[in-house]
Structures are given as structure tokens and as C-alpha cells.
Amino acid sequence: MSTLMLPVRGNYLDEGFSLWSWLSSVDHKRIAILYTISITMFFFVGGVAASLIRLNLVTPTGDFVSAETYNKLFTMHGVIMVWFFLIPSIPSTLGNFLVPLMIGARDMAFPRLNLASWYLYIGGGLFTVGALIAGGVDTGWTFYTPYSTMFSNTHVIAAAAGVFIVGFSSILTGINFIVTIHKMRAPGMTWFRLPLFIWSMYATAIIFVLATPVLAMTLFLLAIERFAGVGVFDPALGGDPLLFQHLFWFYSHPAVYVMILPAMGVASEIITCFARKNVFAYRSMAFAVLAIAVIGFLVWGHHMFVAGTSVYSSIVFSILSFLVAIPSAIKVFNWTATLYKGSIHFEAPMLYLLGFVGLFTVGGMTGLFLASLALDVHLHDTYFVIAHFHYIMVGGSVMAFLGAIHFWWPKITGRMYSDRWARFAAIVVFIGFNLTFFPQFVLGYLGMPRRYHEYPPEFQVLNVLSSAGASVLAVGYLLPLLYLLWSLKYGPRATANPWGATGLEWQTSSPPPVDNFASIPIVTAPPYQYEPPEGPHPNPSAGQKGEGSEGAVGARDGLS
Amino acid sequence: MITHPVPAIRTYVLVWVGLIVLLLLTLGSAFIPLGWGNAAINLAIAVAKSLLVIFFYMHLRSAHYVLRIAATAGFFWLAILLGLSLTDFVTRY
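Order-wise, the sequence lines are chains A and B.
Heads up: take any position in the first sequence, counting from 1, add 250, and you land on the numbering used here.
Mapping to the numbering used here: the second sequence position 84 is 67, numbers consecutive.
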């Protein structure tokens, strides 16, 4: 098969150094960097809000901020972390960077649309942050009616408008991923030769496209009821207050899978690399990702068991919620089976991902507590729920995001970081995370409600433990920022494949050239080739091309 | 690039006239009290208008099968939203 040869150009980082060269670039790799910088800034804004919340909860009497400010802080934390960090985190940064590289393409299918989605993201972010600076919002990130439509005197419409705008960024990214994965795969890159990260991006993109419009419509209906008094959710005007929750969670529960499916893709890539074993049961892993994406659309009612939904509806949603645990469990078991008899190496990315598997399992299992109708009556809207979803979103998604950043950092920047510091940070994050959130399981089980500014004195010890953990966690998050930035200038140059990983992205230089590949590769083998037919397992730190990568792509003609 | 026959301008105009007629029918039904019949008629008219837009203005009548599958998936997901929501609304009392 003939492939188009391009003259070899420099790496994408050297393509231009002015601010405009970045703000106007349609190169998927540069757009990924723009997203990375943006979401990191939002992460630290949301993190400051979280720190203030934890500081306030050190004492039972809420001495640090007023009740009104406290409401605005947890709203700000939730809105920013969900829509401006977690949802775009892995897809928009690593997804943007890696999807074309992993499938052997030169760019996304719609490069300009890709840049437009970043501008929409920034526009939505500025809108929402503006609302928060102008006085804040106190509804919680869920914007529940009737409080948001009838009673709150804060900037609800402006904040919702920002979320509305950023939703279009998600939709455009989703469309771009779907078309790119369908149409731009390299010759020979069949569906079952796709890396599992690509499968997870594909499933995520489907959720983006199918769920996000419902959020946009829901927020629009909220705005017109609040602004113009059109009866949609207000019973006095002929509306139904639970309709908002149905519509909101039809988006927001699948949005949880937008956060966790990319993390699962990252886990599959990193665990197989550092266990030096092929992913166990590849096809079941791919189908499990799709199953989670589909079943994830059928479970939203479990957020509403005590909100006044019918018993029949609750039973249906409870059963469906238990069903989604099956493909999730398949993935956890398969990662474990991948580790079994592997030649495991504990580099920093692997530490993060081992942490991910354990914390995600705890988060997932406690989700089953909440899917049980009777137990949910006791646990609903308590700190048990807070702990549960932070185990998924922080213990799961953020750990995987950090692991992914460490794994692909040499590819993205062309520099190596200090693995010693990185391993130390991974352990600090793991300890800090558990110290922060495990006490919250106990607090919730004992009955401490979420979103309360003050609490009974008997809960203080557990709250102090949680706040102490938050400060450890903050150190754990600041450390990578420091040593990764340090590595940009002082880190040793990275080779094309420092981990000895398989996959097309490791067959091009670090950082990749503007066009990704000198010629489009031809793929003749499955994505994971870590197990040689015979002989010992290769050492992942061995050098530029680990022996385990042999045969990852049958023909690599023209790869730079 | 996938190409498909583009309808003539006349077709677009006729579809537009059809949409206006259906709109007037919706308006007219508001003046005839039929109880639940009003909702049924208006929903039927809404479905007819949607189909006109989907098949003619969105070109799905002559589109590639992948596009038809994508559009069908959208309706399938809408059916999930409405269907599972109804498990609550129709059994609440």
C-alpha cells in the first residue's frame, strides 16, 4: 500500500513560540497543551474552594466563613471541578494529544472544530468564573429546582449559561473523536487492534454527544422559568419539580462515566505496560467500556430514591444500577488478571494506576450501597455520598489523570522528570486522599449531612482528620506541578519510547513532529505485544525501544 | 466524500408550506375543546412536523446508512429518557 510521504518537519513545540502561534494553532497536540494549562488553572481554583470548605469544617461551629459564603464555596467547588476540570480532564488533554497518534493519523478529523471547542471551553469558563466573582451562586453544582428558580438570589442564570456554553465544547470534542476514530485509522488499524484508550475515548465521545444536549436544554428551561416565569418545574405553574432532577441526572450520571471511562482507558494502557503482560481478555475490556457507556444512561433515577419518585420507578433504577457494576467489575478483574504473574515495575505512573484500581473499587462498591433502596434512605445526602463519589472522581479519575500525565509526559514534552519525586508524590496523594475521604464514609454513616455549615461536636474528630488529609493531599497535588515544570527546563531528554511500551504513539519521536508520522504507518498486529513467545520479560527501563515492543506494529516504515 | 441527491427548491418550499399548514392545525385545535384529544392531536402533528424536517431538511431520506443509524440512535436515547422517566410519572400516585 502506498502512503503519502511528507518532508520531515520539526517537533510541534518548535513550530512557533509566540502566544498567537499557540492560540491559533489547529494542531491537536498544541490544543491538548492549551487544554492542559486551562484545566490545571481551574483545578487549582476549585481546589482553593475545597481547602476553604475543609478549613471551615475544622470546628463544629463554622467559625471561618458565614453560612452563605459556605454555600457559595461548595457550589463553586462543584461547578468548577465537574465541568471545568473533571469532564474535560483526560479527553480534552490526553485524548486530544493521543487519539490521532494512537490510530496513526496526522490530526483530528476537524482541526478547526477542535480549536473552536477550546475557545468555547474558555468562554464558558470565563462566564462561570465571572458569575462566581460577581457574587457567587449558592445552589450547589446540581442547580436543583425550586431553589434555583424561585428562591436563590445569586447569579444562577450566569453560572448556568457558562455551563451551557461549555457543554457545546464537549459536544464538538465528542463529534471530533467519533469521526476521527471512524474515518482516520491507519491502514490495518482494525477495531480490535485499537488500544483500549481509544475504545474508552470512543465510548466517552458517544456520551458527550448523546447526553450533553439534554443538559443544555435543562439549563435553558431552568433559565426561562427563572427569568420569564414559564411553568416547567414549578407546580404552581403546571410544572413538575422532579422533572428537573430527571433531566439533570439523565446528563449528569452519564457524565460520571465521562469522568471514569477515560481513566479506565489509561489504566489499561499503563497496567499492561508496567506488568509487561498483554491486557487480559482484550475484547471483553472493549465491550465492557461500551456496556458501561450504554448502561450508564439507564441508572440516573438512583439519585432520586428519596426525592418522591414512585416505588416502582425506584425498583427499576435500583436493579439497573446494580447491572452497571457488572462491566465495571469485569474491568477490575481483568486488570488484576493482567497483573497476575506479570513482571511488575513500580514506576510513578504504575503507582498512580495501582492506586486508581484500589480506590475505584472502593468507590464502586460503596455505590452499590447507595443503589440499595433501603440503605439509601439512611445514607442519602450524607457524607457517605460525598466520600463515595470522591473515591470515584478523585481517587479514580484524578489518580488516573496524574498517572497518565506521568506516563505520556516524556512523549508530550520530550523531557523526563524525577521518578523518585514522582513516586513520592504518588504515595503522598494516596495517603492524603484516604485520610481526607475515608473518615467521610464514617461521618456519613453516623448521619452527618452534606452541605452543612455547622455540625454536632461529636463529629469533630473525624472532620479534623479529613481536613488534615486535605492538606496532605494539597501537598501531593502541588509536588507534580513543581517537578514537572522543573523537568521542562532541566529534565533529561526523553527517548522515543522510554517505557518500552507498545503502541503507535511510542514509535514516533518525543516530542512528536508536527505531522506525527513521516508516513502513515501500516498496522499488522494487535496493540499490546508485551509477551514474547518465549524467554524472560523485558525490562521497561531498558532503553529507547523495549524488547516488548517488538511486533507491536508489523511494519513501521517511515516512522520517525 | 459521501454525496446524495439534493432536493429541488420546490420540494423545500412545499415542505415549508406543509409545516405552516400543520402549525395552523395546531393553532386551530386549541379552539376545539376535545379533552385529552387535544394533546393527542397536537403530539401527532408534532411528530409529523419532525418527520418532515428529518427526512427533507436534514436529508435523511437519501442519507448514507451511517447517518441514518446516528439519527436513529438519537431517537432511541430520547426514548430511553422519556420511557424511564415515565416509570416514575405514571406510577407515582
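Because the hints were derived from the structure by calculation, they are not lab data.
No residue lacks a Cβ here, since even glycine has one placed at the ideal position from N, Cα and C.
Take the hints with a grain of salt, since some may be wrong.
Simulated coverage check for chain A against chain B, where a stretch passes if three residues somewhere in it have a Cβ under 8 Å from a Cβ of chain B [claimed, not checked]:
| # | segment |
| --- | --- |
| 1 | 544 to 558 |
| 2 | 562 to 574 |
Pairwise CB distance ranges, derived in the manner of DEER restraints [said to hold, decoys possible]:
| # | chain 1 | residue 1 | chain 2 | residue 2 | range |
| --- | --- | --- | --- | --- | --- |
| 3 | B | Leu34 | A | Val315 | 50 to 58 Å |
| 4 | B | Leu34 | A | Asp264 | 30 to 38 Å |
| 5 | A | Thr309 | B | Asn21 | 57 to 65 Å |
| 6 | A | Asp264 | B | Leu(-3) | 33 to 41 Å |
| 7 | A | Pro485 | B | Leu34 | 45 to 53 Å |
| 8 | A | Phe470 | B | Phe58 | 14 to 22 Å |
| 9 | B | Leu61 | A | Leu273 | 35 to 43 Å |
| 10 | A | Phe294 | B | Ala31 | 46 to 54 Å |
| 11 | A | Val429 | B | Arg44 | 19 to 27 Å |
| 12 | A | Thr290 | B | Arg75 | 22 to 30 Å |
| 13 | A | Val714 | B | Leu50 | 33 to 41 Å |
| 14 | A | Arg743 | B | Tyr40 | 49 to 57 Å |
| 15 | A | Ala557 | B | Leu61 | 54 to 62 Å |
| 16 | A | Gly380 | B | Arg44 | 15 to 23 Å |
Some chain B residues judged to face chain A by a derived CB distance under 7 Å, without partners named [to be verified]:
| # | residue |
| --- | --- |
| 17 | Thr9 |
| 18 | Ser12 |
| 19 | Ser33 |
| 20 | Asp71 |
| 21 | Arg75 |
Hints and how they fare:
1. Interface restraint, the segment 544 to 558 of chain A with chain B: holds (6 residues with C-beta to C-beta distance below 8 Å; minimum three).
2. A stretch counts as covered by a chain when three or more of its residues have a beta carbon under 8 Å from one of that chain; for the segment 562 to 574 of chain A and chain B the count is 4, and the coverage holds.
3. Judged by the Cβ atoms, the range 50 to 58 Å given for Leu34 of chain B and Val315 of chain A holds: they are separated by roughly 55 Å.
4. Under the hint 30 to 38 Å, the C-beta atoms of Leu34 of chain B and Asp264 of chain A, about 54 Å apart, miss the expected range.
5. A beta carbon spacing of about 60 Å between Thr309 of chain A and Asn21 of chain B agrees with the range 57 to 65 Å that was offered as a hint.
6. Checking the proposed 33 to 41 Å range against Asp264 of chain A and Leu(-3) of chain B shows it is violated: the Cβ atoms sit about 57 Å from each other.
7. Distance hint check for Pro485 of chain A and Leu34 of chain B: the Cβ-Cβ separation is about 33 Å, which falls outside the suggested range of 45 to 53 Å.
8. At about 20 Å, the CB distance of Phe470 of chain A to Phe58 of chain B agrees with the hint of 14 to 22 Å.
9. Distance hint for Leu61 of chain B and Leu273 of chain A: a CB-CB separation of about 38 Å, consistent with the stated range 35 to 43 Å.
10. Take Phe294 of chain A and Ala31 of chain B: their Cβ atoms lie about 53 Å apart, and the range 46 to 54 Å holds.
11. The hint said 19 to 27 Å for the Cβ distance between Val429 of chain A and Arg44 of chain B, and at roughly 22 Å that hint holds.
12. Remark: the range hint 22 to 30 Å for Thr290 of chain A to Arg75 of chain B is contradicted by a beta-carbon distance near 45 Å.
13. Separated by about 58 Å at the C-beta atoms, Val714 of chain A and Leu50 of chain B break the suggested range of 33 to 41 Å.
14. Taken as a hint, the range 49 to 57 Å holds for the pair Arg743 of chain A and Tyr40 of chain B, whose Cβ atoms sit roughly 55 Å apart.
15. Between Ala557 of chain A and Leu61 of chain B the CB atoms are about 23 Å apart, so this pair departs from the stated range of 54 to 62 Å.
16. In this structure the hint that Gly380 of chain A and Arg44 of chain B lie 15 to 23 Å apart at CB is violated, the actual value being about 45 Å.
17. Because the smallest distance between the Cβ of Thr9 of chain B and any Cβ of chain A comes to about 18 Å, over 7 Å, the interface hint for this residue is violated.
18. Hint status for Ser12 of chain B: violated, given a least beta-carbon distance of 19 Å to chain A, over 7 Å.
19. Hint status for Ser33 of chain B relative to chain A: violated, with the closest Cβ pair at about 15 Å, above 7 Å.
20. Taken as an interface hint, Asp71 of chain B checks out: its beta carbon lies about 4 Å from the nearest beta carbon of chain A, inside 7 Å.
21. At a threshold of 7 Å, the smallest CB-CB gap from Arg75 of chain B to chain A is about 4 Å, leaving the interface hint in force.
Checked against the numbered hints above, the structure violates hints 4, 6, 7, 12, 13, 15, 16, 17, 18, 19; every other hint is satisfied.
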